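Colleague: So the sequence lines, in the order shown, correspond to chains F and L. For the first sequence, counting from 1, position 233 maps to 233 in the working numbering; every step adds exactly one. For the second sequence, counting from 1, position 196 maps to 196 in the working numbering; every step adds exactly one.
Everything labelled a hint here was simulated from the structure, so no lab data went into it. Hints may contain errors.
Residues of chain L clear of chain F, computed beta-carbon distances all greater than 12 Å [to be verified]:
| id | residue |
| --- | --- |
| 1 | R63 |
| 2 | D81 |
| 3 | E158 |
| 4 | V160 |
| 5 | R191 |
| 6 | S266 |
| 7 | Y278 |
Once the Cα atoms are required to be at most 30 Å apart in a straight line, the calculated DSS-like pairs of lysine-lysine come out as [what the hints assert, rightly or not]:
| id | chain 1 | residue 1 | chain 2 | residue 2 |
| --- | --- | --- | --- | --- |
| 8 | L | K18 | L | K276 |
| 9 | F | K40 | L | K137 |
| 10 | F | K210 | F | K296 |
| 11 | F | K10 | L | K276 |
| 12 | L | K134 | F | K87 |
| 13 | F | K210 | F | K131 |
| 14 | L | K86 | L | K260 |
| 15 | L | K134 | L | K200 |
| 16 | L | K134 | F | K15 |
| 17 | L | K200 | L | K25 |
| 18 | F | K15 | L | K137 |
| 19 | L | K261 | F | K39 |
| 20 | F | K39 | L | K137 |
Bear in mind the structure is a predicted one, so any value in this text is a computation, not a measurement. Every residue gets a Cβ at the ideal spot worked out from N, C-alpha and C, and that includes glycine.
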Amino acid sequence: MNEARDTYFKLLQKKAETDNRIMFVLADCAGFVFEEFRKKYPDKIVNVGIAEQNAIAVACGLSLAGKIPIVYGHSPFILTRTLDQIKSAIGIMNLPVSIVVNGVGFSQPWFGPTHFNMDDISLMSSVANMKIITPSDMSLSEFAAHLTIMAESPLYLRFDGRYSANILSSVSKSDFSDGFRIIKKGTSAAVISHGNCVSRIIPLVEKIEKEKGIEIAVIDVFSVPYNDGKLYEAIGDSPVLAIEEHIENGSIGQMFATYIKVNNKPNKVKLMNIDYNGRYPACVSADINWFYKSYKFTDNDIISNIKQMTER
Amino acid sequence: MEEKISYLRNKVNMSKHKVLDLCVKAGMGHVSSAYSCAEILCVLYYSVMNIRPDEPDYENRDRFIMSKNHASIMQYPILADMGFIKPEELDDFLSPEGSMFGSHSKLAIPGVDFAGGSLGLGIGVAAGIAYAAKSDKKDYKIYCLLGDGELYEGSVWESVMFASHNNLSNLVAIVDRNKLAITDYTENMLRLESIIEKWKAFGWEVISCNGHDIRQLLDVFERAENRKSDTPLVIIADTEKGKGIDFIEGKLNWHGAAPKKEQVESAYNSLEKEVKSYE
Chain F
1 MNEARDTYFK LLQKKAETDN RIMFVLADCA GFVFEEFRKK YPDKIVNVGI
51 AEQNAIAVAC GLSLAGKIPI VYGHSPFILT RTLDQIKSAI GIMNLPVSIV
101 VNGVGFSQPW FGPTHFNMDD ISLMSSVANM KIITPSDMSL SEFAAHLTIM
151 AESPLYLRFD GRYSANILSS VSKSDFSDGF RIIKKGTSAA VISHGNCVSR
201 IIPLVEKIEK EKGIEIAVID VFSVPYNDGK LYEAIGDSPV LAIEEHIENG
251 SIGQMFATYI KVNNKPNKVK LMNIDYNGRY PACVSADINW FYKSYKFTDN
301 DIISNIKQMT ER
Chain L
1 MEEKISYLRN KVNMSKHKVL DLCVKAGMGH VSSAYSCAEI LCVLYYSVMN
51 IRPDEPDYEN RDRFIMSKNH ASIMQYPILA DMGFIKPEEL DDFLSPEGSM
101 FGSHSKLAIP GVDFAGGSLG LGIGVAAGIA YAAKSDKKDY KIYCLLGDGE
151 LYEGSVWESV MFASHNNLSN LVAIVDRNKL AITDYTENML RLESIIEKWK
201 AFGWEVISCN GHDIRQLLDV FERAENRKSD TPLVIIADTE KGKGIDFIEG
251 KLNWHGAAPK KEQVESAYNS LEKEVKSYE
């Protein structure tokens, strides 16, 4: 069970009971979360089969006819097979279609390299009018469901599958308006991240803080675009480490590094991404630690990088 | 009937002249692709579709999805003539000042339901609209014009399969079968025939006609309107790319091109000949 994804879908299914505009377009992809709903409301589900291009085109048509289509397809195919459809039919026409994937980063290691989704932020951020939400916990899943109902533009929602509890116990919707949230404050360095990495980083940061007697900020940049000016204000001149299960090109960290450079800010910025470096993960393994080790993304690698940033 | 045909023929002549005017002025434009579907568009807009120029977004209007959107220039004179847009706005076509027109329709143009440009996409979008209409128990129809060249796109067949499986009988596809793509004749490049059998195999009802014969087009669209069927319908319209300009008609190397300066007079003369041939 993927609690973050399921929270999102269950909220929308509840809404769909009384809102006939909501329709789910599935490309032979559903999961247990649709079992009950499918029995009760088969007409609100359009399953197009393993035909991702048609899924996007049909969703575009549903949207033009006044529906709120939510496309759910296998990651990454619903993005990469259909990039032209997304760009042409959804981005250029600025249609409020939500595209949902599960299994970003290394969250489905057993499927092998064809199923890894490590470049999706890069791809989707290049689509006109597209807003990306990369939830790190269930409060952001709820926010994503709210956005889907209210959307006037395209949305891309990337679920992971390795997290559950809320990172912050009390957050209001207004906390989400700038596209990032401060998980904890600190002046020695700032770590920015999103998705599953956020909850993974927090205890590692706390360990370093205890060891070195310093305070490190952790910021969850869960949206693209985000308010980069306000993010800079929150960070100040601290060194910044961006940690993401995503390639460097088009990553959120790279976007922020560009902001720092273009605006002549003094911050030292380091990016910690998945670097294929010509070695596309060729091993099909259920052991995520194998991937972490192979791509220098272990807890020790993260600790080492954070420590380097705190040494001014 | 004769009066109606004559009325529509005049609209075709007007639209084709205006398209030539616009493309000659701009020095570019898909004249040949537009001319192969001139009669189809005029019959749809002036005689078949339930649309309201004074209320372009009327909820129960019939929808038109121009999937072979490189020919969208043929829509503009019609939309201007019907009052969706102001005739003077056509002068902006392909000019940097143009507020509405790029090389393709945008949703900013009243009366345009879909901004195409990428081939193989429109039929899936039309199927999505048709699905929503059925779901909402609306009785409007969705017309989608495809070029034959875009039938090479695999996505077309995903959507064709989807439409028949879901009994989208409110969907009418029209294939502009002009037999020419950009670089070659379709049957030389990669055989498309038998198109009729392909659509039938995917569960569609198929009607074929001469896409330049207004009488035949009126007849097939009337049959489309009155038929009682659970399946979507496709009309395979046999056409000629560049129909009406003798040095372009059915010729290679005219895709996306406008007549050059020294060819303009000859193009207009050719169009006049065509007009007279119908008198």
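Colleague: Each of the hints needs a verdict: does it hold here or not?
Modeller: Hint by hint, here is what the structure shows:
no. : hint            : in the structure
1   : R63             : violated, 8 Å
2   : D81             : holds, 25 Å
3   : E158            : violated, 4 Å
4   : V160            : violated, 9 Å
5   : R191            : holds, 23 Å
6   : S266            : holds, 37 Å
7   : Y278            : holds, 37 Å
8   : K18/L - K276/L  : holds, 17 Å
9   : K40/F - K137/L  : holds, 19 Å
10  : K210/F - K296/F : holds, 24 Å
11  : K10/F - K276/L  : violated, 66 Å
12  : K134/L - K87/F  : holds, 27 Å
13  : K210/F - K131/F : violated, 37 Å
14  : K86/L - K260/L  : holds, 28 Å
15  : K134/L - K200/L : holds, 22 Å
16  : K134/L - K15/F  : holds, 21 Å
17  : K200/L - K25/L  : violated, 43 Å
18  : K15/F - K137/L  : holds, 21 Å
19  : K261/L - K39/F  : violated, 65 Å
20  : K39/F - K137/L  : holds, 21 Å
In this structure, the hints that do not hold are numbers 1, 3, 4, 11, 13, 17, 19, in rising order.
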